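K.L.:
So you can see what is in the structure, the chains are spelled out below.
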Amino acid sequence: MTLLSTRGLSKHFDGLKAVTGVDFDLEEGEVRALIGPNGAGKTTLVGMICGRIPPSSGTVQFDSADITALPAHKRILRGMAYTFQITSVFARLPAAENVALAARRRLQGDAVDEAVDDALNRVGLLDRRDEEAGNLSYGHQRLLEIAMGLVQRPRLLILDEPTQGLADSEIDAFKALIRELSAEATILLIEHNMSVVMETADRVTVLNFGEVLAEGTPQQIHENDAVQAAYLGTG
Amino acid sequence: MSATAKTLTLHLGLLAVLFALQFVLPAYHHGNLARIMVLASYAVGYNILFGYTGLLSLGHALFFAAGMYGMGLTIQYAGFTPAPALIVGILAGAVVAAALALLALRTTGVAFLIVTLMFAQAGYLTILYFGEYTRGDEGFVIQAFDRMLWGIDLSNPENRYFAAWGLFAVCLLLCLRLVRAPFGKTLVAIRENEERVRMLGYNTFAHKWGAMVISGTISAAAGAFYGLLFGYAGATFASVQYSIFPLLWVLLGGAGTVLGPFVGTLFMFYLIDLSSGVTTAYLLIVGVALVLLTLFAPQGLTGELRRRVWRWLP
Numbered sequence: 000m001t002l003l004s005t006r007g008l009s010k011h012f013d014g015l016k017a018v019t020g021v022d023f024d025l026e027e028g029e030v031r032a033l034i035g036p037n038g039a040g041k042t043t044l045v046g047m048i049c050g051r052i053p054p055s056s057g058t059v060q061f062d063s064a065d066i067t068a069l070p071a072h073k074r075i076l077r078g079m080a081y082t083f084q085i086t087s088v089f090a091r092l093p094a095a096e097n098v099a100l101a102a103r104r105r106l107q108g109d110a111v112d113e114a115v116d117d118a119l120n121r122v123g124l125l126d127r128r129d130e131e132a133g134n135l136s137y138g139h140q141r142l143l144e145i146a147m148g149l150v151q152r153p154r155l156l157i158l159d160e161p162t163q164g165l166a167d168s169e170i171d172a173f174k175a176l177i178r179e180l181s182a183e184a185t186i187l188l189i190e191h192n193m194s195v196v197m198e199t200a201d202r203v204t205v206l207n208f209g210e211v212l213a214e215g216t217p218q219q220i221h222e223n224d225a226v227q228a229a230y231l232g233t234g
Numbered sequence: 000m001s002a003t004a005k006t007l008t009l010h011l012g013l014l015a016v017l018f019a020l021q022f023v024l025p026a027y028h029h030g031n032l033a034r035i036m037v038l039a040s041y042a043v044g045y046n047i048l049f050g051y052t053g054l055l056s057l058g059h060a061l062f063f064a065a066g067m068y069g070m071g072l073t074i075q076y077a078g079f080t081p082a083p084a085l086i087v088g089i090l091a092g093a094v095v096a097a098a099l100a101l102l103a104l105r106t107t108g109v110a111f112l113i114v115t116l117m118f119a120q121a122g123y124l125t126i127l128y129f130g131e132y133t134r135g136d137e138g139f140v141i142q143a144f145d146r147m148l149w150g151i152d153l154s155n156p157e158n159r160y161f162a163a164w165g166l167f168a169v170c171l172l173l174c175l176r177l178v179r180a181p182f183g184k185t186l187v188a189i190r191e192n193e194e195r196v197r198m199l200g201y202n203t204f205a206h207k208w209g210a211m212v213i214s215g216t217i218s219a220a221a222g223a224f225y226g227l228l229f230g231y232a233g234a235t236f237a238s239v240q241y242s243i244f245p246l247l248w249v250l251l252g253g254a255g256t257v258l259g260p261f262v263g264t265l266f267m268f269y270l271i272d273l274s275s276g277v278t279t280a281y282l283l284i285v286g287v288a289l290v291l292l293t294l295f296a297p298q299g300l301t302g303e304l305r306r307r308v309w310r311w312l313p
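Those sequence lines, one after another, are chains H and B.
Using numbering that gives the first Met the number 0, read the first sequence as starting at 0 and increasing by one per residue.
Using numbering that gives the first Met the number 0, read the second sequence as starting at 0 and increasing by one per residue.
Isolated chain H, as found in the complex:
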């Protein structure tokens, strides 16, 4: 079943065409990686999907309903979760309260604490639950972002460059986490790290100059000449 699809989705900032006519379909249960050179329009595309950025034209469908006109918070309530590219935790609140804020959208009372501890445990931050988020290391703040995403039990989890700035050992743990999560949620992953893409994604979509350049399995994308050219230049 198709969970998410966009038709002709475009965003123009005055003269700049950030995203042009993107048709994008995401099957329920898959892990999709969205890759492309810097400035290809990945974050803009995802921003239009989750409602942070209003599109210039085109439509977004989620769970067979047109959500193009819905504000962001209503899309989240329908089962999307979005983690920010630039770490955006509540720095002056404890780690547990960060996750609890996300959990309270669907739970109340003691169930919140349970879900929070469970989510923190899954990303390996349970022993830091009472620390102020701003005092956590950068890698731990990224993991906290993911905990805030997964505690919402989303149907679609959108991760915007989750491994940026993580150490190699942390990236290995992250890959394992994604494989585990893929059993319960559809995952859309913006990612630069090719080893993460190759090892976790079912399919890959390549964006270049705001348009879909190629789509396929990681192996197909790896061997695609146009993708090679876009990334490495044709010189």
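Don't read these hints as lab results, they were simulated from the structure.
Computed from a prediction, not measured in an experiment: that's the story for all the values here.
The C-beta atom is built at its ideal place from N, Cα and C for all residues, glycine as well.
Hints may be right or wrong, so weigh each one.
Unchecked claim - Short derived list, chain B residues pointing at chain H, Cβ under 10 Å:
id : residue
1  : Pro181
2  : Arg195
3  : Arg197
4  : Leu199
5  : Gln240
Dock chain B against the given chain H, drawing on the hints supplied.
P.N.:
Just chain B now, kept in the frame of chain H:
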């Protein structure tokens, strides 16, 4: 003791001390403290919007005055008794806050400050414009015989103290309840990072609107009680000065702490009171004290206490 038990002990303890003080304080300080408790209730209301939600308003005098005139005018011209007059005052504040919030919350930051200030000035000028009824700057006295609440004479100092204590206790406990509830925690999160809260699926506009209505309603309750307890309503209470006062009290006492508004109001009141006994240039002393506090306790007295000693303080 758990943090919850400590919190309850501290706040209920303060209320108990304030209650007991009425039996021991000399008349002068007895009267002062009654006034401070009503003004501190105003500051509690202001703190919900400024300290917890992070919205800096310079228009709260509008809510304070809405409460005061909603109460005063109905007693003066509609022959209301105090109980319904108080309710009219509080409702007037709630309605004004609900309407103003719809407009002002379309802006943020400095623009929000300017919009709230503008509307409050418009309210002030409206009171002057209808001077025939409001008596403008001169104001009007609410006579002692109009201040009988359920047979209790509120012009009597003992009764007045008790009423002020009751108002303050309700406001303080309400604020404590609010900031420990999910709604209050969401407000704090909005203060810290509104965009992130929105992307967690919260309607941040509705939350900010709710915060402003609660804040305005508490401010109006303080205004209505102030007019009733001290028997006077005047346009000064709608002037920008009375929008700045709660900001100062909350900043000094500790923005985003439940006790901060009371501590700040008490401190500022006695700072002015004591220094004006020493010299006619008392504002100089007040100014220096404020500068020192800003330098060495930028989070306010209670905020500093929380940072250094009692980290569990709500």
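K.L.:
Next step is simple, just say for each hint if it's right about the structure.
P.N.:
The hints, checked one at a time:
no.	hint	result
1	Pro181	holds, 5 Å
2	Arg195	holds, 5 Å
3	Arg197	holds, 6 Å
4	Leu199	holds, 5 Å
5	Gln240	violated, 32 Å
Comparing the model with each earlier hint shows a violation of hint 5 alone; every other hint is respected.
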